[in-house]
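A.B. asks: What follows is each chain in one-letter form.
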Amino acid sequence: MSIWRIKAYWLPGDTCPIRDWYRNQDVPVQAEFDVVLETLQATVDWSDTSSFGVLKRDHKGLGEIRFSLETPEKRRFRPVGIWPPIAEGEFVLLAGCEKRRNGVLIPGNAFTLALEYKRRLADGEGRIDDYV
Amino acid sequence: MITFKGTWQKLSNKQYRDHYALSLLKRSVAFQIKTLRKKHCGTQAALAEKSNLKQGVISRSEDQEYGNLTFNTVGRIAAGLDMAFIGKFVPFTELIRFSAELSEEEFKKILTFDEENAALPALGLFDLSSMEESRFLPIGPMPVEVKAEPSERDAKPQNAADAADLASSNQRIGPKGERRSLDFAKTG
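For the record, the sequence lines run as chains A and B.
Under numbering that gives the first Met the number 0, think of the first position of the first sequence as 0, with each following residue one higher.
Under numbering that gives the first Met the number 0, think of the first position of the second sequence as 0, with each following residue one higher.
The set of hints was computed from the structure by calculation and includes no laboratory data.
Mixed in with the good hints, there may be bad ones.
Cross-link-like lysine-lysine pairs, in silico, BS3-like; alpha carbons within 30 angstroms at most [said to hold, decoys possible]:
| # | chain 1 | residue 1 | chain 2 | residue 2 |
| --- | --- | --- | --- | --- |
| 1 | B | Lys25 | B | Lys13 |
| 2 | B | Lys49 | A | Lys73 |
| 3 | B | Lys87 | A | Lys98 |
| 4 | B | Lys13 | B | Lys49 |
| 5 | B | Lys37 | B | Lys53 |
| 6 | B | Lys9 | B | Lys87 |
| 7 | A | Lys98 | B | Lys108 |
| 8 | B | Lys53 | B | Lys87 |
| 9 | B | Lys4 | B | Lys53 |
| 10 | B | Lys4 | B | Lys108 |
| 11 | B | Lys25 | B | Lys87 |
| 12 | B | Lys108 | B | Lys13 |
| 13 | B | Lys87 | B | Lys38 |
| 14 | B | Lys25 | A | Lys98 |
| 15 | A | Lys55 | B | Lys37 |
| 16 | B | Lys108 | A | Lys73 |
| 17 | B | Lys87 | B | Lys108 |
| 18 | B | Lys49 | B | Lys38 |
| 19 | A | Lys73 | A | Lys55 |
| 20 | A | Lys73 | B | Lys53 |
| 21 | A | Lys73 | B | Lys25 |
| 22 | B | Lys37 | B | Lys9 |
| 23 | B | Lys9 | B | Lys49 |
| 24 | B | Lys25 | B | Lys38 |
Label pairs and their computed distance ranges (CB to CB) [stated by the list, open to error]:
| # | chain 1 | residue 1 | chain 2 | residue 2 | range |
| --- | --- | --- | --- | --- | --- |
| 25 | A | Arg75 | B | Gly55 | 21 to 31 angstroms |
| 26 | B | Leu122 | A | Asp13 | 48 to 58 angstroms |
| 27 | A | Asn23 | B | Pro90 | 29 to 39 angstroms |
| 28 | B | Ala118 | A | Pro84 | 36 to 46 angstroms |
| 29 | A | Pro11 | B | Ala44 | 21 to 31 angstroms |
| 30 | A | Leu104 | B | Gln14 | 33 to 43 angstroms |
| 31 | A | Arg56 | B | Lys108 | 20 to 30 angstroms |
| 32 | A | Gly123 | B | Glu115 | 52 to 62 angstroms |
| 33 | A | Asp25 | B | Glu105 | 29 to 39 angstroms |
| 34 | A | Pro83 | B | Arg96 | 27 to 37 angstroms |
Cβ coordinates follow ideal geometry from the N, Cα and C atoms, glycine included.
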């Protein structure tokens with residue numbers, strides 16, 4: 000009954016940045032991310048949920064999924080994808096990162112890399128596939 | 000894309016399934032409250048008034064990251080929406096199905112009591128005038144005894160909280176503590 004389809008960008012050579020980021024996360028982070036995606040897939044209007052935000056200025060063209068986890072200290076995560084969507088009802092995940100208290104991203108170039116992946120996709124490099 | 004096989008494989012990790020189930024619980028309840036509030040009440044303030052809660056409590060209840068709602072708060076929000084909320088223990092296969100079927104549109108189909116009351120006769124499910132004095136629930140998939148006659152041990156309060164609960168329960172059941180057994184099969 001999902002309203003949205005979540006996709007992932009694959010670089011040439013079968014590397015999937017968001018999948019690699021996911022696999023490097025702790026199990027509780029993976030579980031939380033999966034549930035956030037499931038609730039977002041069921042949400043009609045992403046502008047009316049705190050689980051998603053549109054990036055601006057230097058990172059225009061991207062949208063970030065927002066979730067946090069008490070582990071026991073609070074950790075915030077910001078996987079990013081293409082926004083606005085390139086196809087109706089499809090969100091393409093590009094990269095993932097953690098946002099530290101001082102606003103520093105881990106990895107620090109996550110958003111820049113995401114924009115680079117978006118550009119490469121527009122240039123016909125790589126592919127998109129269902130995110131599973 | 001949620002697949003049964005993929006999710007089931009992840010759930011084979013105990014730590015994963017513990018976090019997954021907890022996260023789905025807190026996020027899906029917040030998701031439902033927000034969806035139902037928007038459909039039936041409009042603003043958080045309107046639902047707050049109907050639920051006899053503060054608007055800030057409604058706001059927190061819709062926050063998928065919050066996760067510290069009490070039964071009492073959820074019950075009052077359900078009352079404000081004029082519908083019921085049930086907590087239910089389920090196997091993980093059912094959890095996956097629930098997750099896969101999560102949808103704003105599905106939750107929007109949940110009726111308030113008045114909507115349901117207006118719809119039931121039209122569906123021919125029962126005729127209120129032919130029913131004995133509220134003894135039987137009108138609909139249900141199979142006979143289920145909702146409240147059995149308690150055994151002597153069950154009826155005996157174990158502590159002060161149990162005693163208060165039992166007294167309250169007897170008040171709810173009916174005059175003179177009469178307990179009703181619910182038998183769908185007898186409803187015709």
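A.B. asks: Decide, hint by hint, whether the structure agrees.
C.D. replies: Hints and how they fare:
| no. | hint | verdict |
| --- | --- | --- |
| 1 | Lys25/B x Lys13/B | holds, 19 angstroms |
| 2 | Lys49/B x Lys73/A | violated, 34 angstroms |
| 3 | Lys87/B x Lys98/A | violated, 35 angstroms |
| 4 | Lys13/B x Lys49/B | violated, 40 angstroms |
| 5 | Lys37/B x Lys53/B | holds, 17 angstroms |
| 6 | Lys9/B x Lys87/B | holds, 22 angstroms |
| 7 | Lys98/A x Lys108/B | violated, 38 angstroms |
| 8 | Lys53/B x Lys87/B | holds, 27 angstroms |
| 9 | Lys4/B x Lys53/B | violated, 43 angstroms |
| 10 | Lys4/B x Lys108/B | holds, 29 angstroms |
| 11 | Lys25/B x Lys87/B | holds, 14 angstroms |
| 12 | Lys108/B x Lys13/B | violated, 34 angstroms |
| 13 | Lys87/B x Lys38/B | holds, 24 angstroms |
| 14 | Lys25/B x Lys98/A | holds, 22 angstroms |
| 15 | Lys55/A x Lys37/B | holds, 28 angstroms |
| 16 | Lys108/B x Lys73/A | violated, 36 angstroms |
| 17 | Lys87/B x Lys108/B | holds, 20 angstroms |
| 18 | Lys49/B x Lys38/B | holds, 14 angstroms |
| 19 | Lys73/A x Lys55/A | holds, 25 angstroms |
| 20 | Lys73/A x Lys53/B | holds, 26 angstroms |
| 21 | Lys73/A x Lys25/B | holds, 17 angstroms |
| 22 | Lys37/B x Lys9/B | violated, 34 angstroms |
| 23 | Lys9/B x Lys49/B | violated, 41 angstroms |
| 24 | Lys25/B x Lys38/B | holds, 20 angstroms |
| 25 | Arg75/A x Gly55/B: 21 to 31 angstroms | holds, 22 angstroms |
| 26 | Leu122/B x Asp13/A: 48 to 58 angstroms | holds, 54 angstroms |
| 27 | Asn23/A x Pro90/B: 29 to 39 angstroms | holds, 31 angstroms |
| 28 | Ala118/B x Pro84/A: 36 to 46 angstroms | holds, 37 angstroms |
| 29 | Pro11/A x Ala44/B: 21 to 31 angstroms | violated, 53 angstroms |
| 30 | Leu104/A x Gln14/B: 33 to 43 angstroms | violated, 26 angstroms |
| 31 | Arg56/A x Lys108/B: 20 to 30 angstroms | violated, 41 angstroms |
| 32 | Gly123/A x Glu115/B: 52 to 62 angstroms | holds, 54 angstroms |
| 33 | Asp25/A x Glu105/B: 29 to 39 angstroms | holds, 32 angstroms |
| 34 | Pro83/A x Arg96/B: 27 to 37 angstroms | holds, 32 angstroms |
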